[in-house]
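There are 2 protein chains.
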Amino acid sequence: MKPRLLDPFAQEYKQLLDTELRTLVEKLNAPPIIKESMIYSLEAGGKRIRPLLLFATLDAFGIDPHRGLPAAAAIEMIHTYSLIHDDLPSMDNDDLRRGKPTNHKVFGDAIAILAGDALLTYSFEVIGKISAEFASPDALIKLIIEMAKAAGTEGMVGGQVADMEGEGKSLTLQELEYIHIHKTGKLLRFSVVAGAILAGASQSQLDNLSAFAHHLGLAFQIQDDILDLVGNQQLIGKPVGSDTANLKSTYPQLLSLEGAKDALQRQINLSTEYLRETGLNTNLLEEITDLVATRDH
Amino acid sequence: MKPRLLDPFAQEYKQLLDTELRTLVEKLNAPPIIKESMIYSLEAGGKRIRPLLLFATLDAFGIDPHRGLPAAAAIEMIHTYSLIHDDLPSMDNDDLRRGKPTNHKVFGDAIAILAGDALLTYSFEVIGKISAEFASPDALIKLIIEMAKAAGTEGMVGGQVADMEGEGKSLTLQELEYIHIHKTGKLLRFSVVAGAILAGASQSQLDNLSAFAHHLGLAFQIQDDILDLVGNQQLIGKPVGSDTANLKSTYPQLLSLEGAKDALQRQINLSTEYLRETGLNTNLLEEITDLVATRDH
Chain Z
1 MKPRLLDPFA QEYKQLLDTE LRTLVEKLNA PPIIKESMIY SLEAGGKRIR PLLLFATLDA
61 FGIDPHRGLP AAAAIEMIHT YSLIHDDLPS MDNDDLRRGK PTNHKVFGDA IAILAGDALL
121 TYSFEVIGKI SAEFASPDAL IKLIIEMAKA AGTEGMVGGQ VADMEGEGKS LTLQELEYIH
181 IHKTGKLLRF SVVAGAILAG ASQSQLDNLS AFAHHLGLAF QIQDDILDLV GNQQLIGKPV
241 GSDTANLKST YPQLLSLEGA KDALQRQINL STEYLRETGL NTNLLEEITD LVATRDH
Chain U
1 MKPRLLDPFA QEYKQLLDTE LRTLVEKLNA PPIIKESMIY SLEAGGKRIR PLLLFATLDA
61 FGIDPHRGLP AAAAIEMIHT YSLIHDDLPS MDNDDLRRGK PTNHKVFGDA IAILAGDALL
121 TYSFEVIGKI SAEFASPDAL IKLIIEMAKA AGTEGMVGGQ VADMEGEGKS LTLQELEYIH
181 IHKTGKLLRF SVVAGAILAG ASQSQLDNLS AFAHHLGLAF QIQDDILDLV GNQQLIGKPV
241 GSDTANLKST YPQLLSLEGA KDALQRQINL STEYLRETGL NTNLLEEITD LVATRDH
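So the sequence lines, in the order shown, correspond to chains Z and U.
Under our numbering, the residues of the first sequence are numbered 1 to 297, in order.
Under our numbering, the residues of the second sequence are numbered 1 to 297, in order.
Some clues are possibly wrong.
The list treats identical chains as one, so a pair stands whether inside a single copy or across any two.
Stated by the list, open to error - Only pairs whose alpha carbons sit at most 20 Å apart, straight line, appear in this in silico SDA-like list of lysine to any residue: (1) LYS105 / GLU146; (2) LYS27 / GLY279; (3) LYS14 / PRO101; (4) LYS27 / LYS149; (5) LYS261 / LEU291; (6) LYS142 / LEU28; (7) LYS129 / LYS142; (8) LYS47 / GLY279; (9) LYS14 / ARG4; (10) LYS100 / PRO89; (11) LYS149 / HIS214; (12) LYS47 / GLY166; (13) LYS149 / GLN203.
If you're looking for bench data, these hints aren't it; they were derived computationally from the structure.
Sequences and hints are given; from them, build the entire structure.
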């Protein structure tokens, strides 16, 4: 089979996912305002990196990525709910996300809270309804448990709490990693693990893919911090280290810019090694890894 | 087997549930503050009517109600999350619940939102982990889907949205019933249905128990409205119908007090009939129904 290129693959499945998300919400028998609010944030754009990881993982097993649509939709619903709640006045108090007014600015705080609740709840219904052709009942239960863990206090919610508690404090490298691994890492990792579970991966493939995604997630965060710094320097000539002033802990601040670049390379190497261990056709996942390492925005 | 009496039964299982809830949260590997916040609201008291319905349903099938502990804990987590979010300043803005400061008054709005999110998410992990001795994988998936539907936009969240949208408006009986059936009815019904699924009920038993719980839920709400009115009369001599002034729609307001009492009796009769159809040993469920019909507070 000819290896697929990431760009057209990503475009094709992003479109399929967008349609799936809209269809899933539209068919709900519920007050129109809550459906509008859910769709508003689901369609607010975004890179859809989590669904892409899931689809690319299925492709690595030679399985039609279409099978991953409901699970990808469920994961994107959880990601979207977390953004809606994070943006609330009592949390990060953001008025804009990707240039669009945030959910609560359009629908009010009460509907925004409920839209988040609704998306989180619906994600479990959507994943629970995956056809028996695509996943055995045991695989489905495993998916559900892993998704709840990735999203809950031992995952995303725990990371958000730690992030809030760390605000205005100078963090250790260990504390910074705890936040990243939990707040964003666990759901990214679940996206890959979900693909592996749906594909009927062996335990060692599951372990290797899980480790791959763990290191990829850390690489992503380190590159984020580096870009923030380099971007700022080019844009407003802010000197390296000025983040220290507002006590925002970042990798370059804790490790120096060179140290952060080394750490990034180390995480990329580790993720690539784990990927190789799987013995699968991982060209799409490799392209995603390259993108993370070399992206400039 | 000698039929059990409701009072000691309720006390025994309330205690077991309290221990189960605390144990489930304590074992989470998460920032202490979020666990404290979750436990604070889980232990804020309450009648535990949903778990009791689940335990009593298992008893009706002659099955040890202990088996229902994880499912009962999951349902109580969902109920508790909904109270935490409903009490928030942007929702009902309540400072007290059952005489105790509400979650956000103690932990702040951000942690309260996250504690609600965490409880909702954890409920799916807890129910997903029910031992294979107690439920087949297919039964478990059915439980998960039904729980998500009862809690989401087609259930509790949808009812809360409709309730908010109806504020300050004069509702029709149909609109009032939509709110009650969804906001509280669906999760009450799921509590009975969950017991039936765990017990391996036949489809007709499932249908009858579901109808029983539906009518019991409505009876509960009608009695609530009646007690509000009668309680107020005894307490402050407020005349019947004064609720009309603040446009709060209630059964007595829409049907008159006598009409509401008739409606209550009709719902009680219906629930009792459906219960009888099951052919099970439903003495505990009957006692609960009697309590709803005759309770004075």
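Taking the numbered hints from earlier one at a time, note which ones the structure violates and give those numbers from smallest to largest. Per hint list: 1, 2, 3, 8, 12 violated.
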